[in-house]
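Undergrad: Chain order of the listed sequences is A and B.
Just so we're aligned: 188 in our numbering is position 188 of the first sequence, and the numbers increase by one with no gaps anywhere.
Just so we're aligned: 254 in our numbering is position 254 of the second sequence, and the numbers increase by one with no gaps anywhere.
To be clear, the hints were calculated from the coordinates, so they are not data collected in a lab.
Treat each hint with caution, since some may be false.
[Unchecked claim] DSS-like, lysine-lysine: derived pairs with alpha carbons at most 30 Å apart:
| hint | chain 1 | residue 1 | chain 2 | residue 2 |
| --- | --- | --- | --- | --- |
| 1 | A | 276 | B | 232 |
| 2 | A | 276 | B | 83 |
| 3 | B | 103 | B | 197 |
| 4 | B | 83 | A | 84 |
| 5 | A | 84 | A | 235 |
| 6 | B | 197 | A | 84 |
| 7 | A | 158 | A | 235 |
| 8 | A | 155 | A | 276 |
| 9 | A | 13 | A | 84 |
| 10 | B | 238 | B | 83 |
| 11 | B | 238 | B | 35 |
| 12 | A | 84 | B | 238 |
| 13 | B | 197 | B | 75 |
| 14 | A | 90 | A | 155 |
| 15 | B | 103 | B | 232 |
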Amino acid sequence: MNTSYSLGSMHLKNRVLVASGTFGYGNEAAPYTDVNALGGIVTKSVSWLPRQGNAPTRIAETPAGMLNSIGLANVGIDAFIADKLPFLRKLDTSIIVNIAASSTDEYIDILERLEDEDGIEAYEINVSCPNVKEGGLNFGTRCDMTETITRELRKRTKRTLIIKLTPNVTHIADFAKACEAEGADAVSLINTLVGMAVNIRTRRPVLSTITGGLSGPAIKPVALAKVFQVYSAVKIPIIGIGGITTWQDAIEFLLVGASAIQVGTASFRDPDAAVKIIHGMETFCREQGVEDIQELVGGLQIDAGVAAPGFVKAMEKEQA
Amino acid sequence: MSLINADLEVTSIAQVAEETYALRFHSPELAARLKPGQFMNILTSEAVEPLLRRPYSISRVEGEECEILFSLLGKGTHILAQKRVGDHIGVVGPLGNTFGYEKDFGTAIIVAGGIGVAPFPYLTAELQRREIPVITFLGARTTARVVRDGLTNLEVATDDGSEGHHGTVIACLDEYLSAHEIDRPMIFACGPNPMLKATQEYAREKQLPCELSLESEMACGIGICQGCPIEKHEGERKYSLVCTDGPCFDSNDIIFHEHHHA
Chain A
1 MNTSYSLGSM
11 HLKNRVLVAS
21 GTFGYGNEAA
31 PYTDVNALGG
41 IVTKSVSWLP
51 RQGNAPTRIA
61 ETPAGMLNSI
71 GLANVGIDAF
81 IADKLPFLRK
91 LDTSIIVNIA
101 ASSTDEYIDI
111 LERLEDEDGI
121 EAYEINVSCP
131 NVKEGGLNFG
141 TRCDMTETIT
151 RELRKRTKRT
161 LIIKLTPNVT
171 HIADFAKACE
181 AEGADAVSLI
191 NTLVGMAVNI
201 RTRRPVLSTI
211 TGGLSGPAIK
221 PVALAKVFQV
231 YSAVKIPIIG
241 IGGITTWQDA
251 IEFLLVGASA
261 IQVGTASFRD
271 PDAAVKIIHG
281 METFCREQGV
291 EDIQELVGGL
301 QIDAGVAAPG
311 FVKAMEKEQA
Chain B
1 MSLINADLEV
11 TSIAQVAEET
21 YALRFHSPEL
31 AARLKPGQFM
41 NILTSEAVEP
51 LLRRPYSISR
61 VEGEECEILF
71 SLLGKGTHIL
81 AQKRVGDHIG
91 VVGPLGNTFG
101 YEKDFGTAII
111 VAGGIGVAPF
121 PYLTAELQRR
131 EIPVITFLGA
141 RTTARVVRDG
151 LTNLEVATDD
161 GSEGHHGTVI
171 ACLDEYLSAH
181 EIDRPMIFAC
191 GPNPMLKATQ
201 EYAREKQLPC
211 ELSLESEMAC
221 GIGICQGCPI
231 EKHEGERKYS
241 LVCTDGPCFD
251 SNDIIFHEHH
261 HA
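Working from the sequences, and respecting the hints, build out all of it.
TA: Below you can see the structure in the form of structure tokens.
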């Protein structure tokens with residue numbers, strides 16, 4: 001059975017990656033799971049300078065999900081290259097570096113710095129973090145900014161370029177189309193949804209930043225719909241993200257159009273979650289007589305004339 | 001270090017105080033590795049709610065069994081309290097650092113508030129093994145909430161005055177230390193953040209060495225999610241992580257803010 005996949009210049013041994021910010025730099029989870037079994041590791045976001053992140057409280061559990069407002073706490077590009085990359089480089093899995101920045105120039109600087117380093121197969125560009133004051137969601141909710149960043153980075157690398165999109169926009173497919181037009185190899189979606197939690201006894205927001213990013217199983221239905229919507233609008237591959245906790249979830253994402261998936265919050269619950277998903281998908285494919293997992297991608301069966309009218313209208317509007 | 005991520009069998013569960021339980025599970029590997037002050041991240045249910053594991057201090061290690069203490073606080077602890085012998089719970093550990101019980105001091109002063117008592121039976125056992133005297137100050141809402149088992153030389157303070165000192169555990173501690181000559185005391189404290197902050201201030205005022213075991217919201221427990229920062233005075237990093245840099249910290253290093261509600 002073939003589970004591998006080529007995404008631009010990157011070859012993935014399977015379709016299961018771990019999402020940025022949920023697997024550190026690989027070394028933290030290594031004692032608990034076989035990191036070499038993964039299709040790829042998307043690193044914690046790297047910015048030019050180290051970032052301390054937001055004040056506590058940074059996380060809150062919500063029904064079937066969690067809110068975070070970490071604020072891109074990370075070691076910065078120098079320490080990433082010196083301290084984190086050597087470990088990642090030795091792994092037998094694809095390394096995708098997630099880049100976060102507060103200006104187009106900073107994105108460029110980080111990418112150019114990484115171009116000199118081997119052992120990196122792809123970049124995932126975080127234009128959509130809801131938890132930082134500068135940049136962050138501002139880029140991801142402005143199509144022209146997403147377009148500019150994609151164009152400028154495409155000029156500067158032959159490595160696989162993935163743009164990570166936010167669901168916190170009216171028409172996500174417009175953003176995916178802009179990325180496709182500017183030469184992105186793929187889009188990944190969705191980043192977290194903006195959410196909020198309140199402590200009724202203190203009458204205060206739980207998170208220090210008031211709102212944060214919602215992730216976990218609670219957002220899976222939203223993520224599936226967004227992937228489906230984008231699949232109808234672009235030809236470049238989609239990496240599905242959002243509440244994938246079991247192998248069944250992963251198969252759902254493939255069927256609505258994802259070529260690969262990322263496991264996020266589930267790794268907090270079980271550092272071995274992504275590896276279990278890989279095994280579960282393989283067993284399912286064997287049982288179903290699926291020889292190449294690619295046949296599941298976009299394999300959703302929709303009877304003629306049956307669709308949610310509002311949703312189809314929204315898609316038609318985007319495609320018009 | 002080798003780490004455990006496994007479903008482990010519950011070998012006993014018992015109520016030890018009002019709304020407070022001791023749960024034991026079998027793990028020779030964890031029993032051999034866990035040290036006083038460390039914690040484990042426990043998944044109470046296969047369901048997606050509660051979604052995340054919860055950190056629990058190790059309260060005791062006996063033979064091949066490990067014990068946690070917990071109070072009924074939310075969904076996770078209510079599910080845990082329903083566990084029966086033979087059920088399984090998902091455990092990741094050992095996590096975090098240890099108390100500095102190997103440091104040079106004459107007498108251990110344990111200060112515990114509410115379920116903050118959890119790490120201390122194990123610490124007490126280790127200190128007794130080393131023949132270090134221990135005096136324990138317990139703060140609780142009411143006498144029915146006081147957990148005594150595994151502790152020694154108890155001084156109790158209750159909010160309602162139903163037992164011991166009527167008032168805070170720090171007032172109780174101050175009264176005791178003012179009246180007794182103690183050989184080179186060192187404080188080990190765990191409890192709600194307002195109590196820890198008061199302990200920190202007291203230790204600073206009396207110039208006593210003091211370690212605080214912190215509690216924090218946590219998602220992963222292994223340093224990935226960056227969800228459990230604690231602000232520190234010095235060093236190049238403004239924040240340390242409670243899960244991997246702690247949970248035990250020198251009290252002088254920590255900055256408490258009002259939003260650090262317990």
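Undergrad: All hints are to be evaluated individually against the structure, with a verdict given for each.
TA: Consistency of the hints with the structure:
no. : hint          : result
1   : 276/A x 232/B : violated, 38 Å
2   : 276/A x 83/B  : holds, 25 Å
3   : 103/B x 197/B : holds, 22 Å
4   : 83/B x 84/A   : violated, 41 Å
5   : 84/A x 235/A  : violated, 34 Å
6   : 197/B x 84/A  : violated, 35 Å
7   : 158/A x 235/A : holds, 19 Å
8   : 155/A x 276/A : violated, 38 Å
9   : 13/A x 84/A   : holds, 22 Å
10  : 238/B x 83/B  : violated, 40 Å
11  : 238/B x 35/B  : holds, 27 Å
12  : 84/A x 238/B  : holds, 20 Å
13  : 197/B x 75/B  : holds, 28 Å
14  : 90/A x 155/A  : holds, 28 Å
15  : 103/B x 232/B : holds, 21 Å
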